[in-house]
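Residue numbers (the working numbering), protein chains in the order written: chain G, 1 to 98; chain D, 1 to 448.
If you're looking for bench data, these hints aren't it; they were derived computationally from the structure.
Accuracy of the hints is not assured; some may be wrong.
Claimed, not checked - Derived Cβ-Cβ restraints for the label pairs, each shown as a range: (1) D:Gly131 with G:Glu62: 18 to 26 Å; (2) D:Glu27 with G:Asp70: 17 to 25 Å; (3) D:Ser415 with G:Leu67: 47 to 55 Å; (4) D:Arg54 with G:Val92: 18 to 26 Å; (5) G:Ala26 with D:Arg226: 52 to 60 Å.
Everything numeric in this text was worked out from a predicted model, so none of it was measured.
Note that CB positions come from ideal geometry on N, CA and C, so glycine has one too.
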Amino acid sequence: MGGNEKLKPEKVRRYANLSKIELSPAEEESLSNELSMVLDYFRLLGELDTSGVDPTLSLAVEGNDDLREDKPVKCDPEDILALAPSRKGRFVKSPGIL
Amino acid sequence: MFDEIRNKVALNAYITVSKDQARVQAEKADPKRDARLTSVAIAVKDNISTAGIRTTCGSKLLEDYVPTYDAGVVSQIVDEGAIVVGKTNMDEFGMGSSTEFSAFGPTRNPYDESRVPGGSSGGSAAAVAAGIADVALGSDTGGSIRCPASFCGLVGLKPTYGLVSRFGLVAYGNSLEQIGPITKTVRETALLLDCITQKDPRDATSVGKGKAQYIEELDADIDGIRIGIPSDFFGPGTDGRVTKSVWKTIHALEEEGALVEETQVKSLKYSLPAYYIIAMSEASSNLARFDGLRYGLQDKKGARDWSSLFIRDRSDGFGSEVKRRIIMGTFALSAGYIDEFYLKAQRVRTIIRSEFEKLFKRFDALIGPTMPTLPFKVGEKTSDPLAMYMTDIDTVPANMAGLPAISVPCGSADSLPIGLQIMAPPFREDIIFKIGSMVEKISSWRSS
Numbered sequence: 001m002g003g004n005e006k007l008k009p010e011k012v013r014r015y016a017n018l019s020k021i022e023l024s025p026a027e028e029e030s031l032s033n034e035l036s037m038v039l040d041y042f043r044l045l046g047e048l049d050t051s052g053v054d055p056t057l058s059l060a061v062e063g064n065d066d067l068r069e070d071k072p073v074k075c076d077p078e079d080i081l082a083l084a085p086s087r088k089g090r091f092v093k094s095p096g097i098l
Numbered sequence: 001m002f003d004e005i006r007n008k009v010a011l012n013a014y015i016t017v018s019k020d021q022a023r024v025q026a027e028k029a030d031p032k033r034d035a036r037l038t039s040v041a042i043a044v045k046d047n048i049s050t051a052g053i054r055t056t057c058g059s060k061l062l063e064d065y066v067p068t069y070d071a072g073v074v075s076q077i078v079d080e081g082a083i084v085v086g087k088t089n090m091d092e093f094g095m096g097s098s099t100e101f102s103a104f105g106p107t108r109n110p111y112d113e114s115r116v117p118g119g120s121s122g123g124s125a126a127a128v129a130a131g132i133a134d135v136a137l138g139s140d141t142g143g144s145i146r147c148p149a150s151f152c153g154l155v156g157l158k159p160t161y162g163l164v165s166r167f168g169l170v171a172y173g174n175s176l177e178q179i180g181p182i183t184k185t186v187r188e189t190a191l192l193l194d195c196i197t198q199k200d201p202r203d204a205t206s207v208g209k210g211k212a213q214y215i216e217e218l219d220a221d222i223d224g225i226r227i228g229i230p231s232d233f234f235g236p237g238t239d240g241r242v243t244k245s246v247w248k249t250i251h252a253l254e255e256e257g258a259l260v261e262e263t264q265v266k267s268l269k270y271s272l273p274a275y276y277i278i279a280m281s282e283a284s285s286n287l288a289r290f291d292g293l294r295y296g297l298q299d300k301k302g303a304r305d306w307s308s309l310f311i312r313d314r315s316d317g318f319g320s321e322v323k324r325r326i327i328m329g330t331f332a333l334s335a336g337y338i339d340e341f342y343l344k345a346q347r348v349r350t351i352i353r354s355e356f357e358k359l360f361k362r363f364d365a366l367i368g369p370t371m372p373t374l375p376f377k378v379g380e381k382t383s384d385p386l387a388m389y390m391t392d393i394d395t396v397p398a399n400m401a402g403l404p405a406i407s408v409p410c411g412s413a414d415s416l417p418i419g420l421q422i423m424a425p426p427f428r429e430d431i432i433f434k435i436g437s438m439v440e441k442i443s444s445w446r447s448s
């Protein structure tokens with residue numbers, strides 16, 4: 001996406017779909033304007049030469065990688081199932097995947 | 001305390017007041033035990049999990065969500081005798097700088113109710129400033145503790161990444177965020193931090209300092225301490241009254257023996273766009289878990305398949321700013337754009353980190369304003385996302401580099417507080433407290 005190309009409403013719809021979010025046509029239109037502005041601002045990074053620079057993916061302190069003991073924690077499954085908006089017995093109820 | 005909370009309901013600082021649970025905690029308290037927070041009334045930001053007390057993250061999607069477990073920090077403060085009095089209002093999932101983007105309505109600034117308290121931990125700050133909590137916990141992904149501390153005349157610390165457990169903190173930008181204190185004094189911030197730095201095996205990035213003793217650093221003198229003042233922190237968007245107040249304090253520190261020198265952080269102007277790309281990308285991934293099936297809001301009308309139910313719950317449950325950031329993050333991570341945006345931002349992050357590393361060879365600490373402006377009016381920036389993002393210009397570098405940073409009140413203009421920010425190398429909170437307590441001594445600001 002070179003230059004100042006706009007993030008058109010169709011494109012906004014595409015990324016909204018991938019994010020499992022549905023937008024009204026009015027929302028698509030306003031997001032198209034807002035996100036195009038934000039994207040223009042993000043392009044400022046293009047000024048900075050980053051060739052040969054490794055990305056920082058994590059700030060975890062090196063060597064601090066000991067794993068905790070793998071033992072079960074006491075928990076009543078009913079406490080967790082009680083949070084599900086719909087359930088059937090000891091299962092969480094969901095519409096079909098396919 | 002609970003009567004006062006009721007009297008100040010117009011501030012909208014709390015989403016949930018936990019009176020019954022507080023009574024149980026108070027009854028359990030053992031006055032003879034050697035605890036450091038006995039009977040301290042603490043307000044907890046509503047993205048920090050509390051067993052049996054609903055934790056909404058300021059979102060309609062989690063309006064009725066009640067966690068079954070406590071966050072690591074909550075276990076630690078309760079163990080020290082603190083009493084959780086309620087859960088505070090916030091920008092939904094931490095996405096905002098004003099506490100206006102909450103499904104539960106905006107929080108007001110106790111110093112001027114027509115203005116914002118800052119965000120996203122605005123409820124925590126408003127509660128402490130208004131005297132309806134002794135101290136509070138917030139979380140800071142790009143300034144969300146320091147901004148409201150600055151706007152409400154309080155002390156707020158974002159600890160070094162890894163110092164405080166994130167277990168039970170509902171993730172937004174997990175490589176950036178930390179939980180930290182918001183209090184009236186530097187001493188209280190040091191005390192509260194001392195109580196939450198234990199290593200937590202449930203957060204793989206938790207380093208742990210055991211029982212820390214930061215509180216002992218408070219009265220050390222600052223003679224000979226090297227302080228860098230990056231001119232970039234006083235950019236063109238900075239209010240002249242903020243610049244004046246911060247510089248006045250810097251000159252006073254010099255009189256106390258600090259060695260002050262102006263410097264530059266060349267990567268500063270790139271840190272804000274790089275921060276937003278990373279935060280939005282991480283948000284799009286972290287918030288993918290909210291499907292309304294195992295917990296959370298679910299459309300009761302029924303759906304023909306899982307995918308359409310998933311879409312309906314999220315479209316109905318998330319507010320506009322959250323949708324904006326998720327969609328933008330999905331874009332920045334998508335095939336074809338990931339190199340230009342997400343990976344580019346992570347490379348810029350490396351440049352920012354190494355620039356700070358170099359600066360901290362010359363300086364013990366860096367000082368500038370926390371916020372470029374005074375607290376703005378409610379509604380002033382909500383329709384312009386970019387203007388809202390720009391308010392984070394001075395706070396995001398600490399998150400990008402994982403550094404500790406504090407906001408301490410240094411003065412006021414038109415009866416509104418101004419905050420000064422001190423940044424230090426990783427795990428050198430002791431330096432921050434040393435300078436912070438001196439700023440407090442020489443500052444003209446007194447919280448009411």
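We went through each hint and held it up to the structure:
1. D:Gly131 with G:Glu62: 18 to 26 Å: violated (44 Å)
2. D:Glu27 with G:Asp70: 17 to 25 Å: This hint is violated: roughly 36 Å between Cβ atoms.
3. D:Ser415 with G:Leu67: 47 to 55 Å: Taking Cβ atoms as reference, Ser415 (chain D) and Leu67 (chain G) lie about 53 Å apart, which means the hint holds.
4. D:Arg54 with G:Val92: 18 to 26 Å: holds (20 Å)
5. G:Ala26 with D:Arg226: 52 to 60 Å: holds (55 Å)
Hint violations for this structure: numbers 1, 2, all remaining hints satisfied.
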